[in-house]
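Line by line, the protein sequences give chains A and B.
Counting from 1, one number per residue, gives the positions in the first sequence under the UniProt record's numbering.
Counting from 1, one number per residue, gives the positions in the second sequence under the UniProt record's numbering.
I should point out that these hints are in silico values taken from the structure, not numbers from a laboratory.
Treat the hints loosely; a few may be bogus.
Which copy? The list can't say, so a pair holds if one copy fits it or any two copies do.
Stated by the list, open to error - Below, simulated BS3-like cross-link-like pairs (lysine-lysine); rule was C-alpha separation at most 27 Å, straight line:
#1 183 <-> 48
#2 7 <-> 167
#3 83 <-> 7
#4 37 <-> 101
#5 48 <-> 21
#6 5 <-> 185
#7 183 <-> 37
#8 83 <-> 101
#9 167 <-> 48
#10 48 <-> 83
#11 48 <-> 81
#12 167 <-> 83
#13 7 <-> 185
Please read all numbers here as calculations on a predicted model, not as lab measurements.
Number of protein chains: 2
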Amino acid sequence: MEALKRKIEEEGVVLSDQVLKVDAFLNHQIDPLLMKKIGDEFAARFEKDGVTKIVTIESSGIAPAVMAGLQMGVPVVFARKHKSLTLTDNLLTSSVYSFTKQTESQIAVSGNHLSDQDRVLIIDDFLANGQAALGLVSIVQQAGASVAGLGIVIEKSFQPGREELVKLGYRVESLARIESLEKGKVSFVQEVRS
Amino acid sequence: MEALKRKIEEEGVVLSDQVLKVDAFLNHQIDPLLMKKIGDEFAARFEKDGVTKIVTIESSGIAPAVMAGLQMGVPVVFARKHKSLTLTDNLLTSSVYSFTKQTESQIAVSGNHLSDQDRVLIIDDFLANGQAALGLVSIVQQAGASVAGLGIVIEKSFQPGREELVKLGYRVESLARIESLEKGKVSFVQEVRS
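With the rest of the complex left out, here is chain A (with noise of 0.2 Å):
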């Protein structure tokens, strides 16, 4: 998606050959435009796949996730990382292990808003290692929907989680690719779309 990658070399920030920093418009500060066209392009490419419902995780996959529920006339429901005061029956849990934080955390969905006759589109702002994607697979499973797919905004094709979810038979649509970070510099992966 070229206004996203755009956006990226831009106003993005190399913080290390694997972090990229790109608080001015998605994970701190956000661009609502571009978040609109971002679920526009998101609903587009899964719009014939029957998605009742789109699962993210909060608090960067929020702002897509909306967009793209809105042109796709679906609810979202969004995992929550820390514990809610209203949040308790029923509870759909996984474990998702951070790489770069070193630490286990619980991630949870209600029971209440998923359902074996879902077909759910998972979206996030970011795949590395594929864990917190991971996480929300399990959870749409174990309330018995099926994965229609994952639509992310950033993938950092560098690191395992695209092709962990592909080898797990998944369709993975990423917005933007990158294939490096080092030496500063953001490169994408070249892609050509039919």
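Take the given structure of chain A and dock chain B to it, following the hints.
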């Protein structure tokens, strides 16, 4: 806002005299079309106020704030409640006391995304005791920016947050004002809007 009040009546769950659970469309599952209407309503109410930026707080403030930002054509910044790997420098912080959890926590916004030229609309999902709202006001003031007002999705008018903010001179626009949750029933404040 009638569509919001109907949704609260149909899908809100009164957990106690103090707690309304709206996990079905705002705090866990999100109704994107309702969020769009909410964003449009905030945009209409503050259209003449020269707003340059919206500030909200993760996670449930993000969806209504981004929809308002889309309609108003301004960026959104969400305050973080939890430490972030990339959010480290030039932080504006504030202490927020939660009466329900009886804990004090820090919220943070990067000073890189707020300037003394900004005129800020603060948006949040709930207004109860006003602690989160006052924390956001403090952060906006630390940046030297001005507060155009506060846009609240659901106000618990039987708690003192609104009164406190109005006393300090801030304009508060709440789309649904709840007078009482007693006897398991949601009663709204009767309002005459010009």
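Do the hints match the structure? See the list:
Proximity of residue 183 to residue 48 under the C-alpha cut-off of 27 Å is found in neither arrangement, the shortest distances being 40 Å within a copy and 46 Å between copies. In this homomeric assembly, residue 7 and residue 167 never come within 27 Å of each other (Cα to Cα): the closest approach is 30 Å inside a single copy and 42 Å across copies. For a Cα distance limit of 27 Å, the shortest separation of residue 83 from residue 7 across copies, 25 Å, qualifies, whereas the shortest one inside one copy, 34 Å, does not. For the homomeric pair residue 37 and residue 101, neither the shortest alpha-carbon distance inside one copy (31 Å) nor that between copies (38 Å) is at most 27 Å.
Taking the closest pair of Cα atoms, residue 48 and residue 21 never come within 27 Å of each other, the shortest separation being 33 Å inside a single copy and 34 Å across copies. In this assembly of identical chains, residue 5 and residue 185 lie within 27 Å of each other by CA distance solely inside one copy; the values are 13 Å within and 50 Å between copies. Neither within a single protomer nor between protomers do residue 183 and residue 37 lie at most 27 Å apart by alpha-carbon distance, with minima of 30 Å and 45 Å respectively. In this assembly of identical chains, residue 83 and residue 101 lie within 27 Å of each other by CA distance both inside one copy and across copies; the values are 19 Å within and 11 Å between.
Taking identical chains as interchangeable, the C-alpha atoms of residue 167 and residue 48 lie at most 27 Å apart only when both belong to the same chain, with a minimum of 22 Å there against 53 Å between chains. With identical chains, the CA atoms of residue 48 and residue 83 are never at most 27 Å apart, being 35 Å at best within one copy and 39 Å at best between copies. For a Cα distance limit of 27 Å, the shortest separation of residue 48 from residue 81 qualifies neither inside one copy, at 31 Å, nor across copies, at 38 Å. Taking identical chains as interchangeable, the C-alpha atoms of residue 167 and residue 83 are never at most 27 Å apart, the minima being 32 Å within one chain and 33 Å between chains.
Taking identical chains as interchangeable, the C-alpha atoms of residue 7 and residue 185 lie at most 27 Å apart only when both belong to the same chain, with a minimum of 14 Å there against 48 Å between chains.
In this structure, the earlier hints numbered 1, 2, 4, 5, 7, 10, 11, 12 are contradicted, and the remaining ones agree with it.
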